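Model the full structure from these sequences, guided by the hints.
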Amino acid sequence: AQSVTQPDIHITVSEGASLELRCNYSYGATPYLFWYVQSPGQGLQLLLKYFSGDTLVQGIKGFEAEFKRSQSSFNLRKPSVHWSDAAEYFCAVGGWTGNQFYFGTGTSLTVIP
Amino acid sequence: NAGVTQTPKFQVLKTGQSMTLQCAQDMNHEYMSWYRQDPGMGLRLIHYSVGAGITDQGEVPNGYNVSRSTTEDFPLRLLSAAPSQTSVYFCASKQGTDNSPLHFGNGTRLTVT
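So the sequence lines, in the order shown, correspond to chains A and B. Each step along the first sequence adds one to the number in the numbering used here, with nothing skipped, and position 36 is 36. Each step along the second sequence adds one to the number in the numbering used here, with nothing skipped, and position 20 is 20.
Honestly, the hints are just simulated from the structure, not real lab data. Just so we're clear, the structure is a prediction, and the values are computed from it rather than from any experiment.
Between beta-carbon pairs, the in silico distance windows are:
no., chain 1, residue 1, chain 2, residue 2, range
1, A, R69, B, Q17, 44 to 54 angstroms
2, B, Q17, A, S18, 42 to 52 angstroms
3, B, D56, A, S80, 37 to 47 angstroms
Okay, the calculated bits of chain A under chain B, using three or more residues with CB under 8 angstroms as the criterion:
no., stretch
4, 37–43
5, 46–60
6, 103–109
Backbone N, C-alpha and C fix where the C-beta goes; we use that ideal spot for every residue, glycine too.
Next up, the structure:
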């Protein structure tokens with residue numbers, strides 16, 4: 001069955017420090033992978049997506065993610081975190097039908113000055 | 001652009017009451033879906049629709065009904081609310097039935113007492 005695991009419930013980083021949020025997926029075929037961000041009281045906004053091709057994908061707001069098939073991972077990274085990056089981040093996997101998406105439980109990011 | 005609009009933003013119901021959560025999108029998206037978000041559970045798919053007149057169940061459909069009479073609207077009905085349905089509900093849409101990213105509304109926070 002398809003599933004997504006985000007091992008870190010909460011992460012705290014200092015402003016300007018680098019960030020890596022972990023995501024592991026379980027899917028029997030080629031996965032379609034996404035990272036979304038949710039600010040308090042808002043819906044989810046797409047940060048980036050991976051369908052095929054280059055395993056390092058660039059997204060909005062300076063984020064990038066690397067797909068590693070051998071590790072079933074799709075970790076999100078940012079070289080230098082800004083205070084406005086404080087939010088909840090969700091990893092998601094979709095199947096070839098495009099009808100059902102499976103979300104991780106989310107990682108809450110706190111940024112300290 | 002309005003995107004995906006959900007109403008109401010907040011709702012309190014008593015056990016056994018019924019209500020409809022409204023969702024409308026103005027992007028002419030074929031695909032629409034409903035998720036519920038619970039602490040520690042991430043987002044879970046309730047129902048989805050790939051076009052007017054076509055609906056299907058997601059991961060957690062029990063206690064919810066949907067219909068899709070127009071491309072724009074996808075209401076979610078709770079026929080007899082239960083405390084276990086206390087949650088934040090998100091409507092999301094996307095173009096087509098491939099793995100295009102989802103566009104989310106801002107959510108409806110529902111409390112059932």
